[in-house]
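Enquirer: Let's have the full structure, built from the sequences with the hints guiding it.
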Amino acid sequence: MGGELGSLVAAKLEAEPWVGALVGIDVDPPRRRLRKAEFHLLQPSQRERIVDVVTKFNPHVVINLSVWEPDARAGLAHARQFTADAATAIIGAAAECPALEGMVVRSGIEVYGRERNSDTRPTESTHMHPTSEYGLMLANVERKAREVGKRVGIAVGKLRLAPVLGKHVPSPLGRLLRQPVVPFSLFADSPFAVIEDGDAARAFVLAAASRLDEPLNIVAPGAITTLQAIMRGRRVPLPMIGPEWYVASKLSHVLGAPIPDHVVELMHRGRLADGAKALEVLGFSPALSTPEVIDHLYAWESVVRIGSIQAAVA
Amino acid sequence: MAQLIEFPVKAATRAGHALAEPLRAAWPTHSVDDYGRDPYLISALAPFTKLRWSVTVGGTHHLPAKTGALLVCNSRRYSLSAVYAALALSEETERPVRFVGRPDIAPIGPFMRRIGGLLAKPSDVLSALSHNELVLVAAEGTSHPRNAGKVPHELIGPAVVAGVQVFPVATMSSTIGRAARVEVGPAVRARRKRRGPLAEVELADQVQHHLQRMLDGFGGVQTGVAPIDWLAEG
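Residue numbers (my numbering), protein chains in the order written: chain U, 43 to 356; chain B, 45 to 278.
Any given hint could turn out to be false.
Unchecked claim - Once the Cα atoms are required to be at most 20 Å apart in a straight line, the calculated DMTMM-like pairs of lysine to aspartate or glutamate come out as:
no., chain 1, residue 1, chain 2, residue 2
1, B, Lys165, U, Glu166
2, U, Lys319, B, Asp77
3, B, Lys165, U, Glu157
4, B, Lys110, B, Glu138
Said to hold, decoys possible - If you anchor each label on the Cβ, the simulated ranges turn out as follows:
no., chain 1, residue 1, chain 2, residue 2, range
5, B, Lys54, U, Val194, 51 to 59 Å
6, B, Gly207, U, Glu143, 29 to 37 Å
7, U, Leu297, B, Pro66, 23 to 31 Å
8, U, His102, B, Thr57, 45 to 53 Å
9, B, Arg68, U, His169, 38 to 46 Å
10, B, Gly185, U, Gly284, 28 to 36 Å
11, U, Pro263, B, Val245, 32 to 40 Å
12, B, Ala70, U, His102, 50 to 58 Å
13, B, Arg235, U, His169, 33 to 41 Å
14, U, Gly195, B, Leu242, 34 to 42 Å
15, U, Gly284, B, Lys54, 29 to 37 Å
16, U, Gln123, B, Lys237, 55 to 63 Å
It is worth saying that the hints were derived from the structure and are not from the lab. Every residue gets a Cβ at the ideal spot worked out from N, C-alpha and C, and that includes glycine.
Expert: Next up, the structure:
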């Protein structure tokens, strides 16, 4: 509930007539003003406290958004650890709640992987074969949720999100695309799709309301290539052929925009998915297309200097 | 006190604008569709493809206007018949026609994806057909231009699953000349209703049979110069 997506989901849930009480757990405080929700500031490693909070509340629905994308808010090792700890604690605690009817977990289209000859636009029935660290982390979250769902007999919905971009969403892809100079693969400039955080939050609310019991791809319509995104943002495109990617990623890390393996994979092999089923099952249709989300990415305000604000106020 | 080292953002932004503006004017910043096909690139390549093939297209009235359909063409080895037929049919029908059989290795794979290529996988074909796309599959390559090769039933299966019609597309081109022909035949209907995988196996055989009949109807190439005609016969 403390991250941007979590806060958005909580705010949207508060506005839902079917939601009575709401409890959230995160390592950061909520980023929005929440009126009904009760918040607990807990680390993913504090399993006993998490279990205590969740079981006392005894919810009907649990939404697990606690997924740390590598190099978004934490480096790979920490992201892996936090995601695994949070999934064990929250999904495990949910299983102990007698009133629980359903659980919705955050996953991503990275679970399909981009190995050679993998589907151009995987559907929900495509076999999961993650080829990046992030994909493996998400596949583990899905597996844990599925096992618990089977064991206690509850509905488990898995929302496989395209890379989430939004105004304050920490995203390695968004950060990289906003750099003044952006590398792209000259010979493999492949298309990818994204989703805006507001649309992703709406999908979670719909999934929770309908007690979703299957995986769904949540993807904005349309696609864009890295070069086209760079051109839309009026950045300097830096063509790459192959081996210099290593140097570029290290340099980008130093400059404050690390490029994790799933982002490199996206830029080389593309990342598309078929999101048609979400419309059938949830009636969910993203408000923004992929190029529009990219435009919003570049429309954000850059660093706002306090001095200039003070001067403007004076 | 530590000093903050700042990247020269303004200079880089100005350079970015200076570099990007001419490119933005020359190339649209959003031109790929949901499968990665780039109609703008295809139209930019059209003069070059027309240097190689001058394609006469016929029978497009058989094709559905909005729904998906699977098209199956014959293929002479190394003739790229699926590519020129898909490009010609796209131009004629004003609908994207995607061809099946792109490799998944850079730089050819991503390039072929941009001109409408799909992987030769039933799941890729099914995905496109279920989104009302026109998909062109090539039969096995043959050495003779008027022989229809075996039609891969694995790629016909998605049409049966998606419930779309299957059309034979006879293609003919010369190894040395520019002249090429693409003729779409009427939809092939399965003779028997099958519940299992025999449906696609039998449908594939029927499509091959239809293709052969269409190719027989084409006749040989007649340029008036016998040695050239023999060469064109493969």
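Enquirer: Run every hint past the structure and note whether it holds.
Expert: Here is what the structure says about each hint:
no.: 1; hint: B:Lys165 <-> U:Glu166; result: holds (16 Å)
no.: 2; hint: U:Lys319 <-> B:Asp77; result: holds (18 Å)
no.: 3; hint: B:Lys165 <-> U:Glu157; result: holds (14 Å)
no.: 4; hint: B:Lys110 <-> B:Glu138; result: holds (11 Å)
no.: 5; hint: B:Lys54 <-> U:Val194: 51 to 59 Å; result: holds (57 Å)
no.: 6; hint: B:Gly207 <-> U:Glu143: 29 to 37 Å; result: holds (36 Å)
no.: 7; hint: U:Leu297 <-> B:Pro66: 23 to 31 Å; result: holds (26 Å)
no.: 8; hint: U:His102 <-> B:Thr57: 45 to 53 Å; result: holds (50 Å)
no.: 9; hint: B:Arg68 <-> U:His169: 38 to 46 Å; result: holds (40 Å)
no.: 10; hint: B:Gly185 <-> U:Gly284: 28 to 36 Å; result: holds (32 Å)
no.: 11; hint: U:Pro263 <-> B:Val245: 32 to 40 Å; result: holds (36 Å)
no.: 12; hint: B:Ala70 <-> U:His102: 50 to 58 Å; result: holds (56 Å)
no.: 13; hint: B:Arg235 <-> U:His169: 33 to 41 Å; result: holds (34 Å)
no.: 14; hint: U:Gly195 <-> B:Leu242: 34 to 42 Å; result: holds (40 Å)
no.: 15; hint: U:Gly284 <-> B:Lys54: 29 to 37 Å; result: holds (32 Å)
no.: 16; hint: U:Gln123 <-> B:Lys237: 55 to 63 Å; result: holds (57 Å)
Going through the hint list in order, the structure satisfies each hint without exception.
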